[in-house]
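Taken in order, these protein sequences are the chains called Z and V.
Going by my numbering, the first residue of the first sequence is number 1, and it counts up by one from there.
Going by my numbering, the first residue of the second sequence is number 1, and it counts up by one from there.
Rather than coming from a laboratory, the hints here were simulated on the basis of the structure.
On a predicted model such as this, the values are computed, not experimentally measured, just so you know.
Among the hints, a few may not be true.
To be verified - Heads up, simulated DMTMM-like pairs for lysine to aspartate or glutamate below, C-alpha to C-alpha not over 25 Å straight-line:
(1) Z:K156 with V:D276
(2) Z:K101 with Z:D206
(3) Z:K101 with V:E321
Claimed, not checked - Facing chain V, from chain Z, some residues (calculated, C-beta under 10 Å):
(4) P102
(5) T126
(6) A129
(7) D184
(8) P185
(9) H193
Yeah, the Cβ is synthetic: ideal placement off N, Cα and C, and Gly gets one too.
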Amino acid sequence: MKILLIEDDPETAEHVCDALRAQGHEVDESRDGVAGLATARDGHYAALIVDRMLPGLDGLSLVKQLRAEGSQIPVLFLTTMSGIDDRVAGLNGGGDDYLAKPFALVELLARVNAITRRGDARQPVTLRAGDLEMDLIRRAVHRGGKLVELQPQEFKLLEYMLRNEGRVVTRSMLLENVWELHFDPRTNIVETHMSRLRTKMDRGYDTELIHTIRGNGYILRAD
Amino acid sequence: MRIRAFHTEGFRIAAIFVAIFALSAAVFTIITLVIVNQEFQDQIVQFANADIASVKDGYRTEGEGEAREVIRQRMAAPGASDFFLLERGTNTKLEGNLAVMAPRTGILTLPYPGNAAGHAILGVGSFVAPDLYVFSGSDLYHARLARRRILRTLAWVFAGALILAVLGGMAVSRGFLRRTDDIVRTCRAIMAGNLASRIPVRGTQDELDRLCETINAMLDRIAALMENLGQITNDIAHDLRTPVTHLRHRLERARSQAATVQDYDQALEAAIAASDDILALFGALLRIAQIEGGARRAAFAPFDLALLLAQLCEVFGPVAEDAGHRLNPAIRGPVSILGDRELLTQMFSNLIENAIIHTPAGTQVLVGLDREGDDAVVTVSDDGPGVPPEEHQKLFQRFYRREASRTRPGYGLGLALVSAIAELHGARVKIHSRAAAGFSIVLRIPLSQS
């Protein structure tokens, strides 16, 4: 995947580039907003990673400009601002996701993966993985033809996992997208619900679909 | 030397009023003079007409002799017309105190005998018989005198009023200046570092008072923010030392004691986790400061509080259960409020997590919502060990941690955040708790915010 990183801090840029390249991505870099905008226009990138604060042209204006020109390219904002409003402003301004510095690399990689596959945003009626089937209309889950009874919270969690099949999702991605919690809770909300979900739809079956990834993530895989 | 009072708004207003007053006084004076003049002339003409009627009457009844007698009598009488003339043809004066003249009839103005300055004669001329002409008239000088007297009186009145207006204007502007001086002096004092300085308010509830009160309120707000900022700086300096010191110890220990790659690996993991904690602490502090700054009010929107609390109970129910607690919702809704959904979510999560974390297994936690008057009342309570009343106020301070919870992870910022978010929403927070008698925190959120 070809990714453009627009980030003025050389240390962060190097850190991010190394991680992305280690994952097999091709990364171009830009250090200021104006040059970044030009590069983003010319190259055919699969995703943009844009710092909010940039010399020349700030990240938000840059993305707004791209969106105004009709670009659909997935954008992940990076920021040092811990401001709560900044996330909303970033998403409203055309960003697909938002990550506050400092961040763990696993978090960055998971989020870049998530936004780049958002392309096929068709709304399917049924989500499938292996012998697991989720009927979104009747809100029913079957595994191997057998009904799995889920609580609403567990259903939402499984739906998110299925929509991101084959991709690592992090704890904070789950908190934000499943429970709309935009802070770090002191209790193990994710672990509790994940464990209950897995007990109901995974444990005791021949193959387990949901796997724990070291470094605070999960993946649903049907191979 | 420039007189400052002349350059103030108060004086300008006074000057405009004086000008309007002067203009209207001038118009009034002119009208008065015209009326007085007219009145005088009318009276002279009326007297003259009466004289002529008498002369004619005398002539008709008893002839020329009687006409002359009438004139003589009238000339001698006080308060009658001043001048008379009875002449035959154009050159024979029969009676009167005027020289002969060419007869003209109607209302006439004649030059005064000897052309005395300021004098003129106004009167009426008429024919008694075809060759007998009579004139009666009076000196206009009296009218002129009266006009002058009126003019002089009005001039004095006007001058007096003008002086009063100017003095009044100056007094008003002096007061205005004194008060703007107060404002300037206060601002200078604050600039010089005396941040507690405030503009004196006179209590008259006028515009200047309102301005001063508003400026004072603004200064209070700024002072509160500054104090808050100073407090945060202090807190950070004191309370970040501990985790940073721990991190340093851990790294030092790794350098001196780690023998294998795994040891180093472990030490690095621990160091990363510790620095994450420190960064999280920074984030929490910044968030509190931001909320206390009130910058979040723009994100307010209406939403159903009952729905939010029910969802949180669904999210935290299993968590509580796993910790051996029970989470019981007692939510009566819908209750629509105006607020920042994201922040309120964090606030209620915080309270529920407190009830789960700081109580022993087996504790019952209750999340209640009800409407009382114009308030939404949210209660998060537990039947755990409770907190003695003397500690209640301290619970909301940043970095305050109870002895019992010192060993648990956390920095004592939870209730400080709750307090900041509650204040942003105009909510009142109250703790009801005694040692060994449960803990209950009650939030009253006004449904309509001003």
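We went through each hint and held it up to the structure:
no.: 1; hint: Z:K156 with V:D276; result: 29 Å, violated
no.: 2; hint: Z:K101 with Z:D206; result: 41 Å, violated
no.: 3; hint: Z:K101 with V:E321; result: 34 Å, violated
no.: 4; hint: P102; result: 6 Å, holds
no.: 5; hint: T126; result: 25 Å, violated
no.: 6; hint: A129; result: 23 Å, violated
no.: 7; hint: D184; result: 6 Å, holds
no.: 8; hint: P185; result: 6 Å, holds
no.: 9; hint: H193; result: 6 Å, holds
Comparing the model with each numbered hint stated earlier shows that hints 1, 2, 3, 5 and 6 do not hold.
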